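Engineer: Below, each chain spelled out in residue letters.
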Amino acid sequence: MSPQKRVKNVKAQNRISQGSNSFQTTLSAWKVKQGPSNSKNISKHGQNNPVGDYEHADDQAEDALQMAVEYFEKGPVKTSQNKDKTLEKHLKTVENVAWKNGLASEEIDVLLNIALSGKFGNAVNTRILKCMIPATVISQDSVVKAVSWLCVDKCSGSTKVLFYRWLVAMFDFIDRKEQINLLYGFFFASLQDDALCPYVCHLLYLLTKKENVKPFRVRKLLDLQAKMGMQPHLQALLSLYKFFAPALISVSLPVRKKIYFKNSENLWKMALLAVKQRNQGPSPEPLKLMLGPANVRPLKRKWNSLSIIPVLNSSSYTKEYGKKEVSLSDCLNRSGSFPLEQLKSFPQLLQNIHCLELPSQMGSVLNNSLLLHYINCVRDEPVLLRFYYWLSQTLQEECIWYKVNNYEHGKEFTNFLDTIIRAECFLQEGFYSCEAFLYKSLPLWDGLCCRSQFLQLVSWIPFSSFSEVKPLLFDHLAQLFFTSTIYFKCSVLQSLKELLQNWLLWLSMDIHMKPVTNSPLETTLGGSMNSVSKLIHYVGWLSTTAMRLESNSTFLLHFILDFYEKVCDIYINYNLPLVVLFPPGIFYSALLSLDTSILNQLCFIMHRYRKNLTAAKKNELVQKTKSEFNFSSKTYQEFNHYLTSMVGCLWTSKPFGKGIYIDPEILEKTGVTEYKNSLNVIHHPSFLSYAVSFLLQESPEERTVNVSSIQGKKWSWYLDYLFSQGLQGLKLFIRSSVHHSSVPRAEGINYNNQY
Amino acid sequence: MDSYDVPESTPSASSRPEDYFVGATPLQKRLESIRKQTSFIPTPPRRKVPQCSQLQEDVDPQKVAFLLHKQWTLYSLTPLYKFSYSNLKEYSRLLNAFIVAEKQKGLAVEVGEDFNIKVIFSTLLGMKGTQRDPEAFLVQILSKSQLPSENREGKVLWTGWFCCIFGDSLLETVSEDFTCLPLFLANGAESNTAIIGTWFQKTFDCYFSPLTINAFNLSWMAAMWTACKVDHYVATTEFLWSVPCSPQSLDISYAIHPEDAKALWDSIHKTPGEVTQEEVDLFMDCLYSHFHRHFKIHLSATRLVRVSTSVASAHTDGKIKILCHKYLIGVLAYLTELAVFQIE
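These protein sequence lines are chains A and B, in that order.
If you read the first sequence in the working numbering, its first letter stands for residue 1, the second for the next number, and so on.
If you read the second sequence in the working numbering, its first letter stands for residue 1, the second for the next number, and so on.
Pulled out of the complex, with its shape left as it was, chain B reads as follows (with noise of 0.2 Å):
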C-alpha cells in the first residue's frame, strides 16, 4: 500500500495552517484540548504522591470523619450553570418540595406539610486542593422524627457530596457562569440518587456520568496509595482480579501485608514525591511474577477489578472507600482527575 504523502499544495500559503487556527472561542478551545487529550497518551506519565498536610486548616474534622469510612458510589458532573453558594437555604427547599413529589406520585392529594424529610445543603469548607477550586458542599437527607414532641434531626438517609480537587484544567475552560464540581460522590439508595441527580440536572443543567475505574486507573491507585506513609496501618493491602470464566466468573484475591508491600514500593520508587508510569508497571509485574511462581497464573490475564490499601479502597464498579484521614484529599485529587478526563 501507498504511503500517504501529501503532494505540493498549490495555494502557496506560507506556514502550516495550524498557525491560523488560534481557538477564538472557549468551544475552540476545548475541542483543541481534547485533540491533545486524544492523539496523545491519556494520562501524564508522572504523578505527585499524595503529599499528607494538603487539607486546608478550616476542614470541619467533624464533617471530614463523616466522609471516612463509607462507600461511595462515583459520578462525574458537568459544570453546574447558575448554582450560587448563597442560595443553599433554597435549595434545600426546593429539593425537599422535589423529593417528595417525586416520591408521591401516584398519590392524589397531600394534605398539610407533612414531610417526613429534610434536606440540608451546607459546604465543606476548606476541601479543596487550591484557592482557584470551588468550595465542596454536602448534601443529606435526614428523616424526620414522626413525633411532634422529638423535633431532632433523625437518621442520615442519603449523602451526596460534590467536589474539586485541583481542578485547573476545567475551571479555565469555563465562564463565571459555571460551577466546577466535576466529582459527584453518593451513598445511599439509588433511588434517592436518581432524584437528586434529576432535580440537579433540570435546575442547573448539569450531567451526571458514573464513574468507573478500569484497571489501568486502578493500578496507579495500588501504587500511589502504597507509596503513602501511614503511621499504623488499618488494612491489608489486598488485590482482586477477575477472571471470566463460566457459569461464574473467578475471584482471586490477593493479599499483602501493607509494610511488605511497602517495601516492594521502596524498591521500585526513585524519585521522591513522584510517581512515574514505569515504576507502576514494574511495581504490578513485581505482584504477578510474585503470584505466577507460586501459583502459575499469570495475572496479567485477567482483570483487576478492586484495589484496598489502608489509605482507600477502590473498585472498578466506581466504589470507593477513603480510610486515611491525612490522604483524604490527595486520594480526592485523582479521582477528580479522572472524573475531568471522563467529562472533557
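Chain A with its partners taken away, still in its complex shape (with noise of 0.2 Å):
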C-alpha cells in the first residue's frame, strides 16, 4: 500500500465518522469516539482510567503528541535546517507519552505505518517501534497494514526482526486475531529468514490452530530443522503441531527437554505489566471509583507484584482445596456460585449477592467499586478480618516515614493513600485499619508528608469514644497544630469539621437503623452525645488558643466559624439531641472582627442557633416528659448572653452593659466620647464602609458624608441595602432575633419554661 493511497483511506474513515476532512482532527475526533459513553462518568477521581487520564491529561502535552504525529505523517522536511532537531523533539515527546500513558490504538496505527514505510531512517524506525506501547489495544487492522509494508520490503531486516519482536510481545493486547491469523501462510514463508526465524516461530507458536496444521507445513518445519539442526523454536512449534495433529509428525521430539523462545518481551518488560494493570481495570461501569495506582511501580523489594493493591481474582483456587479430588468440571460448571469476573454490574451483585465467590485476596476489593459495596454490608466476619489485616499490613509496610530512606515511594504511598480515601468517600464510612494506623503513625508524623491524604484519614476515623481516641490521636496532632503553620491549622480544622459530619452522619443514620441491625457499637445515645460534645468543644479550645496564636487571623477565623456552622445544626440537620455553642473568645473574636464576611457568617450561626435552640424547646414542650437530652438553662442562658451582646453591639447601641461588661470607668479613660454606638451597624468598623458607600448612592455629589444621618426610616432602607450586598447572615439573624418596634430590644429565648 503506498503512503498516498493510505492518506486517503484515513480521511475516508474521517469523513464516515465525523464529516471532516482535514486530517488534522482526526486525533480530536478520536477522543471524542473514544470519550461520549465514558466521560459523563469520570469524576475528578478518574485517575487510573486511561481514556480518563488522557482525557485530563495537560492539553500541552496532548498537543505535543499530536504535532508530533503530524510531523511523522508529513514526513521529513528536507529544507529544514533545524530538522534533526525537531525530529528529536517529536520522537521525545511521542517516547514519553507512550512510555507513560501509552498511545491510543489510532497513534499507533499511523506511526506503526510510518516505522515500517521507511520514510525515515533506521534508527528513527527502531526508536518508533521500541515505543508502540498502546494504551489499552492493538487494532487488529494495524497489524495487517504493517504486515503489508514488509511484503514491499522497504525496512531494514533488523526493524523487520524488532517488529516480530514487538508483534510477539504485544500479541495479547491486539484486539482481534482473525485477519491477522488469515495471513498464517505469509508468516510461514518469512520462517525461511534465518535471522526471523526464531522471532516468526514463536509468533506462529502464539498464532497456531488446528486448521493451520497442514502436511506441507510440517514438511516444511522438518526440512527446516533437517538444515538448521535442533533449534529449540522449531521444536516449540513442531511438537505445538504434534499436539493438534500428532498422525502427521512421526518424528520423536524430545519429551522431557525444556524448550525456550528467545526472550522477546524484554524490551517491553515494564510497558506490558503497565498495560496489563491498564486493561485489568474494573469494569467500564463503574468509572467513578477509578482506583488503583496509576502507573507501574518498579519490582524494588515487592515479592513480584506490581502493586501495592492485589489483583482481583476468585478464590475458587482456595475453596478447592478443601476437597480431595479435584475434577474438571467441578471446576468450570461451579454450580452456584458467581464469578467475579463476571461481575460488571450493580444489579448483577444484586442478583448473585448469596452466592457471589470472593477474591482471593480481599485486599483486591479496594480496586473494584462494586466488591466494595459488598464488603460494606456483608457483616461476615472472615471477610472483614481478612480486609484488615491485609490494609494494616499494607499500610504499615509502604509507610514511607517508618523508614529512612524510603522517600522515594513517596508518591506510591500517596496514591495508595488516595485509593483508601477514595473508597472511604465512596462508602461513607472508615476503615478500622486507617484507625489504628493513625495510632502508630500519627506520634511519628511530621506534619508535612502526605499532608492532605493523612488528614482526610483523621477525618474519616470512625465514630468512637473520644475521651478513648483523644489520647492516640488528637493529642499527637495538637502538638503539630500549635508549632505548625496558619495553613496546616485551618487544614487541621476542616478536616476536624468533616470528621464531625461523618460522626453525626453515622450518628443520624444508626439511630433510625438501630431496630433493624445490629450496630458494631453498643452505645447509648447518651454516650455517643457525649462523645461529639467533646470533640466540639476540644475544637473549641484549638480554636481558642490558635486564635490567639495568630493574632485573630481573619482567614483562620474563617475556617473555625464553618466548623460552629455545622455544630450550631446538629439538631436541625441531624436529628440529634445535640446543642453546644461556641467558646466566648470565638465569639467575640467574630463580633469585633473588621471583616464584614465574618461578622455575616457569625450572624448566620446564631441564627441558626437560635432555630435549633427553638425547635428543641418547642420538643420539649411537646412530649412533657423530662426527656434525658433537655437542654440544661446554662445552654440557653450562655445563647440569651451572646444574643443580648451582638444585638446590644449592633442594633440598640448600647454595647457595654450586658454582654461584654465593661467598665465605665476604664471605658472613659479611653477619651472616646461617642463608644456607645460605636459598633453598631453603621459606625460597626466592618460595616462603616457599607455606610459610606449607601450614603454617597443616596446623594453621589455630597462632598462629606455623615454616617450619623442614617436613622429612622433611612436606618431601614440603610439595612435593605446591607441585604441586598449579599450579607444574608445578617438579614436572617436581624429578622429572627430584633424585634421591629420603637424600641428595638433582643429577642432571647426564654429559659424558663415559660415561653
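No lab work stands behind these hints: they were computed from the structure.
Among these hints, one or two may not hold up.
To be verified - Below, in silico cross-link-like pairs of lysine-lysine (DSBU-like), each with a Cα-Cα straight-line distance of 30 Å or less:
id: 1; chain 1: B; residue 1: Lys103; chain 2: A; residue 2: Lys177
id: 2; chain 1: A; residue 1: Lys100; chain 2: B; residue 2: Lys202
id: 3; chain 1: B; residue 1: Lys103; chain 2: A; residue 2: Lys276
Please read all numbers here as calculations on a predicted model, not as lab measurements.
Grab the two chains, each in its own frame, and use the hints to assemble them into the complex.
Structural biologist: Right, dumping it as C-alpha cells:
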C-alpha cells in the first residue's frame, strides 16, 4: 500500500466518522469517539482510567503528541535546517507519552505505518517501534497494514526483527486475531529468513490453530530442522503441531526437554506490565471510582506484585483445596457460585450477592467499587478480618516515614492513601485499619508528608469514644497544630469539621437503623452525644488557642466559623439532641472582627443556633415528659448572653452594658466619647464602608458624608441596602432576633419554660 | 497556653461514654486492644526467663536439629485463611506447580513433567507453647536428582517454617476460619522466599512483613539469653554496635566470656524466673560503663545491631540463629511476641 493511498484511506474513514476532511481533526475525533460513553461518568477521581487519563491529561502534552504524529505523517522536511532537532523533539514527545500512558490505537496505527514504510532512517524506525506501547489495545487492522509493509521490503532486516519481537510481545493486546490468522501463510513463509526464524516461530506458536497444521507445513518445518539442526524454537512449533495433529508428525521429539523461545518481551517488560494493569482496571460501568495505582512501580523489594493492591482473582483456588479430588468439570460448572470476573454491574451484584465468589485476596476489593459495596453491607467476620489485616499490614509496610531513605516511594504511598480515601468516601465509612494505622503513625508524623491524605484519614476515623481516642490521636495532632503554620491549622480544622460531619451522619443513620441492624458499637445515645460534644469542645479549645497564636487572623477565623456552622445545626439537620455553643474567645473575636464576611457568618450561625434551640424547646414542651436530653438552662443562658451582646452592639447601641461588660471608668479613660454607637451596624468597623457607600449612593454629589444621619426611615433603607449586598446572615439574624418596634430589643429565648 | 479541660457536657449522661462502648465485633475488640497497646508501654515490663523443659515430648529430634544452627530470616505473618492441616499433600503439589510456573516465566512451553524440584509440607509436631497454639509446619524445597536411577531426595534448596508459640493474645481475636502462625522463618534464596510467600499470600490471603528487631528488643534478648542456664557454652557473648559515620559506618564489637556475662547478670537479677525492664536496663548500663571506663566511648550513643550468645544470636535486620536446643521454645516465644506485636 503506498503512503498516498493510505492517507486517502484515513481521510475516508474520517469523513465517515466525523464528516470532516482535514487530517488534523482526526486525532481529536478519536478522542471524541472514545469519550462520550465515558466522559459522563468520569469524575475527578478518574485517575486510573487510561481514557480518563488521556482526556484529563495536560492539554499541552496532548497537543505536542498530536503535532509529533502529524510531523511523522508528513515525513521529514528536507529543507528545514534544524531538522534533527525537530525530529528529536517529536520523537521524545512520542516516547514520553508512550511510556507514561501508552498510545491510542489510532496513534499506533499511524506511527507503525511510518516506522515500517522506511520514510525515516533505521534509527528512527527502531525508536518508534520500541515505543509502540498501547494505552489499552492495538487494533488488528494496524497489524495487518504493518505486515503489508513487510512485503514491499522498505525496511531493513533489523527493523523486521524488531517488528516481530514487538508483535510477539504485544500479542495479547491485539483486539482481534482472525485477520492476522489469515496471514498465517505469509508468516510461515518468513521462516525462511534465518534472522527472523526464531521470532516468527514464536509468533506462529501463538497464532497456530488446529486448522493451520497442514502436511506441507510439517514437511517444511522438518526440512528446516534438518537444515538448521535442533533449534529450540523449531522444536517448540513442531511439538505444538504434533499436539494438534499427532498423526502428521512421526518424528520423535525430545519430550523431556524444556523449550525456550528467545525472550522477545524484554524490551517492553515494564510497559507490558503497565498495559496489563490498565486493562485489568475494573469494569467500565463504575467509572466514578477508578481506583488503583496509575503507574507501575519498579519491582524492587516487592514480591513480584506490580502494585500494592493485589489483583482481583476469585477464590476458587482456596475453595477447591477443601476437596480431596478436583475434577475439571467441577471447576467449570461450579454451580451456585458467581465468578467475580463476570461481575460487571450493580444489578448483577444484587442478583448474585448470596453466591458471590469472594476474591482470593481481600485487598483487591479496594480496586473494585462493586465489591466495595459488597464488603460494606456484608457482616461476615472473616471477610472483614481479611481486609482488615491486609490493609493494616500494607499501610504499615508502605508508610514512608517508618523507614529511613524510603522517600522515593512517596508518590506511590500517596497514591495508595488516595485510593483508600476514595474508597472511604465512596462507602461513606472509615476503615478500622486506617484508624489503627493512625494510632501508630501519627506520633511519628512530621506534619508535612502526605499532609492532605493524612488529614483526610483523620476525618474518616470511625465514630468512637472521644476520650479514648484523644490521647492516641488528638493530643499528637494538637502538638503539630500548635507548632505549625496557619495553613496547617486551617487544614486541621477543616478535617475536624469533616470528622464531625461524618460522625453526625453516622449517628443520625444509626439512630434510625437501630431496630433493624446491630450497630457495631453498643452505645447509648447519651454516650454518643457525650462523645460528640467532647469533640466539639476540644475543637473549641484548639480554635481559641489558635486565634491567640495567630493574632486573630481572619483567615483562620473563617475556618473556625465553618466548623461552627456544622455545630449549630446538629439538632435540626441531624436530628440529634445536641446543641453546643462556641467559646467566648471565638464569639467575641468574630463580633469585633474587621471583616464583614466574618460578622455575616457569625450572624448566620447565631440565627441557626436560635432555630435549633427553639426547635428543641418546642419538642420539650410537646413531649412534656422530662427526657434525658433536655438541654440545661445553662445553654440557653449562654446563648441569650451572646445574643444580648450582639444586639447591644449592632442594634441598640448599648454595647457594654449587658453582654460584654466593661467598667464605665475604663471606657472613660479611653477618651472615646461616642463609644455607645461605635459598634452598631453603621459604625462597626466592618460596616462603616457600607454606610459610606450607602450614603454616596443616596446623594452622589455630596462632599462630606455624615453616617450618623442614617436614622429612622433611612435606617431601614440602609438595612435593605446591606441585605442587597449579599449579607444574608445579617438579614436572617435581624429578621429573627430583633423586634421591629420603636424600641429595638433583643429577643432572647426564654429558658424558664414560660414561653 | 490554656490547659484543656472539658466543660460540663450538655446532655445529662450519667456515666462516662467508655462504659457504653462494649466491643461487639472482633474487629472492635482488636481496635480496643490496639488502643491499649498504643497508649501504654508497648512491651510488658517483665517476662519469664525461658525455661528449658518447655519443648513438648513428641518433637522429632531430627527436625529440631535441622532447625538449629541455621540462619533464619524472620517475617511476621497475618492469620492464614482457610488453611487446613489435612491438605498438606495437596498444598505441596500446588506450590510445586506454582514455583515451576514462576521459574518458567518467559519460557514458552513445558513438555512433560520435568520438575527438578520437590516441595514437601510437614508438620513440626509438638512445636508449641500451649495446647491452644496451632501446630507448626515446615516447607522444604528439594532439588530432585536428574538421574532417573537415583531417585532419592536431593539437596535442600530452601526451607521455611511457620510457628506460633504462646500466641494467645492473637488467637483470641480470630475465628476458626483462620490459622494463626504469626512467625515465619526462612532459610534459602530470597527469590524463593518471594515466590513461596507470594503463593501463601494468594492462597491464604495472608500478609508477610519482614520482622526486624530493634535495639530495645535486642537488649531484652541479650538479658534473657544470658539468664539461661547453659551446660557448656559454645560461643562467647558478643555484642555489636554500629556507629553511623561516613564514609563507612564503624562497628564496635564487644565480646565477653559467657561466664562473666552470667556473673554480671546474677549480680543484677533479683526475682528468680523473671526478667524485668529495670534489670535489662541495668545489665546494659553495666556493660556500657565498663566499656566507657576502658575506651572512653559511650556505647549508649550508638546503635545495638547484633547480640550473640550460646543460646542464640540475633541481628537487627531480622536474622536469627538458634544454637541451644534447650531454649528453642523460649527464643521462639519471644519472637512470636514480636511478630504478634507487628501484626496487631
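Engineer: Each hint should be assessed against the structure and marked as holding or not.
Structural biologist: Hints, one by one, checked against the model:
The suggested pairing of B:Lys103 with A:Lys177 holds, with an alpha-carbon distance near 29 Å, which does not exceed 30 Å. Only pairs whose Cα atoms come within 30 Å are accepted, and A:Lys100 paired with B:Lys202 is accepted, the gap being roughly 29 Å. Proximity of B:Lys103 to A:Lys276 is assessed by CA-CA distance (about 20 Å); at most 30 Å being required, the pair is judged to hold.
Consistency note: the structure conflicts with none of the earlier hints.
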